[in-house]
Every structure is written in structure tokens, then in C-alpha cells.
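Read off the chains here:
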Amino acid sequence: MNEKIISLTCGIIFGIGLVISGMTNPSKVISFLSITYNWDASLIFVMGGAIIVTAPLFYLLRNNKNSLLGNEFSFPKKTGINFKLIFGSILFGTGWGLVGLCPGPSVSSIAMFNPLTLLFLLAMVLGILFNKFF
Amino acid sequence: MYNFTPIPSLIGGIIIGISVVIFFYTTGRLAGISGIFANTILNKKNRISNLLFLIGLVIGPLFYFNISKVQINFEITNSIILIFIAGFLVGLGTRMSGGCTSGHGICGISRFSIRSIVATITFIASGVVTVFILQNFGVHL
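Protein sequence lines correspond, in order, to chains A and B.
Quick note on numbering: my numbering labels position 5 of the first sequence as 5, and the sequence is numbered without any gaps.
Quick note on numbering: my numbering labels position 109 of the second sequence as 109, and the sequence is numbered without any gaps.
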């Protein structure tokens, strides 16, 4: 039960952060990626702002085994650079640059009541399912 | 610089960071949205929690619009084909590489994961190239 309330709360906080940061506006994301034409570097500050909060926590918890709710801290098991990491990142970056939406903002933009975001989400689900073939 | 908004972006980033910190410290899981999204569909484990996180992502902006009364900026291409291709590539690409802007870009980089640093540089570079090519075909958003 606790975990569910925390998940919802963290989602709400994350969503508010996304809107304030400007990440939920696709044209602002495109301007960030458009370094040769009317570049808007603001979104570097989103990643920077988040990392100055998260990096100290990960450092402080480096020797802890369990979270407050008693779960073991879980980290991605994969290490090392491989073809799927690079190729997947290229595909993701291409999709991100085409429209200006990445997964978090694409979910948050349901709040904009624009049917195009639902089409984006549907296509994203298909892409996730298609990954089973790799 | 065009529409430069470093202060709201920094504040938004800090708020996102606070969410990641609370989520990780309490549940022990990393708040990578592409992972949460894909696991909601594919994985029975933590399905309700993951779905609630996604619902929160929608409630957050609605709540913010209601209390702040700020103008909502949401400008997106009207090309259905472009949106479909982009959504598909974002879904497939983030699953192949195991993360997105939040999973690799925030959680991974702040843990100094080499995999995530490489992924983040790659997807930003790929996005920059994509936008450059689109603009040279005359598509300006």
C-alpha cells in the first residue's frame, strides 16, 4: 500500500518538474536539439538540476543494501557497451528529434488533451512490443 | 539565445531530481520512465505501482496548471506519420538501450554509469543530427 502511494506521489512530483522545466513542450525540446539554428540550451539545466540532487543521494547510499520500505536497492544488471546500447540510443534519439517527445513528457502530455500525444503513446507501445524480436 | 529559460529549467530539474530521490530511497527502484512504462505493459511485478507513477505524471501537470494559471505551451508537429514513426522509434530504442532521458540521462549519469553516459551522448547526438536533417529539408518547428 505504502509503495503505491509513494509511486503516485513521486509521479505527481516528477510531472510537475517536467512541466516547469519545459520538457513537456515538444518545440522547446526541438530548439534544444537545434544547435545550428536558434539554439535554446535551457534543457541542459533540467538534467543538471536533477543530477545535483540525485548524485549525492546515490553516493550517500552506496553502502546501503535496503530501501526504507525494506526492498533491496535494484540497479541495472547490464554493464559494458554493446551494439544494442548504441543502436537503441540512435533509434531513440532519432524519434526524440523527429517530434520532441521522450517517454516521461509523452505520458505527461496526456494532460494537454491533444489526440496526437495518444497516437505517439500507441506507437511507443508498439515499439516496446517490437523489441521482443531482438 | 532563443527562448532561453535556465531558471525554470533548473527548478524543474531539481523537482524531478527530488522525485527520483524519494522514489529510490523508499522503494529501492530507479525512476526511469521508459522502464516504468514498459514494465507496466510487460511485467506483472509492481504493475499497479508503475501504473500509479504514470497516472501521477499526468496529474502533476494538471495540478500545476490549476494552481499556477500559467499559459500552457504545447507545440507539436501535426504530421501523423512523423508522430507515429517517432513514437515507435522512442519505444523500440529505449527498450533496446535500456533507458531514456530519465533512466540513462539522470539516474545513470548521477551513478557515473559508463553505459548511461555513452547512451546519453549517443541519443542527444542522434537527436541533434535528426533535427539538423529535418531543418535542411525545410521542416522548422
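If you are wondering where the hints come from, they were derived from the structure by calculation, not from laboratory data.
Every value quoted in this text rests on a predicted model; they were computed, and no experiment measured them.
Any given hint could be a false lead.
[What the hints assert, rightly or not] DSS-like, lysine-lysine: derived pairs with alpha carbons at most 25 Å apart:
1) A/Lys77 <-> A/Lys65
2) A/Lys132 <-> B/Lys45
3) A/Lys65 <-> A/Lys4
4) A/Lys84 <-> A/Lys4
5) A/Lys132 <-> B/Lys44
6) B/Lys44 <-> A/Lys78
7) A/Lys132 <-> A/Lys78
8) B/Lys69 <-> A/Lys4
9) A/Lys78 <-> B/Lys45
10) B/Lys45 <-> A/Lys65
11) A/Lys84 <-> A/Lys132
12) B/Lys45 <-> A/Lys4
13) A/Lys84 <-> A/Lys65
14) B/Lys69 <-> A/Lys132
15) B/Lys69 <-> A/Lys77
[Said to hold, decoys possible] Listed next, the stretches of chain B that the computed footprint assigns to chain A, with coverage defined by at least 3 CB atoms under 8 Å from CB atoms of chain A:
16) 12-20
17) 28-36
18) 56-65
19) 73-85
20) 122-132
In this text, a Cβ means the ideal position worked out from N, Cα and C, and glycines have one as well.
Against the structure, the hints come out as follows:
For a cut-off of 25 Å, the pair hint linking A/Lys77 to A/Lys65 stands: about 15 Å separates their Cα positions. A threshold of 25 Å between alpha carbons decides the hint, and for A/Lys132 with B/Lys45 the separation of about 18 Å falls inside it, so the pair holds. The hinted pair formed by A/Lys65 and A/Lys4 meets the criterion: a straight-line CA distance of about 21 Å does not exceed 25 Å. With a C-alpha separation of about 32 Å, the suggested pairing of A/Lys84 with A/Lys4 is violated against the 25 Å cut-off.
The hinted pair formed by A/Lys132 and B/Lys44 meets the criterion: a straight-line CA distance of about 17 Å does not exceed 25 Å. Proximity of B/Lys44 to A/Lys78 is assessed by CA-CA distance (about 21 Å); at most 25 Å being required, the pair is judged to hold. Pair hint A/Lys132 plus A/Lys78 holds up; C-alpha atoms about 17 Å apart against a cutoff of 25 Å. The straight-line distance between the Cα atoms of B/Lys69 and A/Lys4 is roughly 29 Å, outside the 25 Å bound, and the hint therefore fails.
Taking the CA atoms of A/Lys78 and B/Lys45, the gap is near 20 Å; set against the 25 Å cutoff, the hint holds. Between B/Lys45 and A/Lys65 the alpha-carbon distance is near 20 Å, which keeps this suggested pair within the 25 Å criterion. Among the hinted pairs, A/Lys84 with A/Lys132 is consistent with the structure: their alpha-carbon atoms are about 13 Å apart, no more than 25 Å. Our distance criterion of 25 Å between C-alpha atoms is met by B/Lys45 and A/Lys4, whose separation comes to about 13 Å.
Distance hint between A/Lys84 and A/Lys65 is unfulfilled; the C-alpha atoms sit about 30 Å from each other, more than 25 Å. Pair hint B/Lys69 plus A/Lys132 does not hold up; C-alpha atoms about 43 Å apart against a cutoff of 25 Å. The suggested pairing of B/Lys69 with A/Lys77 is violated, with an alpha-carbon distance near 43 Å, which exceeds 25 Å. Chain A is given as covering the segment 12-20 of chain B, and this holds because 9 residues of the stretch bring a CB closer than 8 Å to a CB of that chain, at least three being needed.
Judged by the Cβ-Cβ criterion of 8 Å, the segment 28-36 of chain B is covered by chain A as claimed, because 6 of its residues qualify and three suffice. With a cut-off of 8 Å between beta carbons, the segment 56-65 of chain B has 10 residues touching chain A; three or more are needed, and the interface restraint holds. Look at the segment 73-85 of chain B against chain A: 11 of its residues bring a Cβ nearer than 8 Å to a Cβ of that chain, three or more, so the hint holds. Against chain A, the segment 122-132 of chain B contributes 11 residues with a C-beta closer than 8 Å to a partner C-beta. That satisfies the three-residue criterion, and the hint holds.
Of the numbered hints listed earlier, those contradicted by the structure are 4, 8, 13, 14 and 15.
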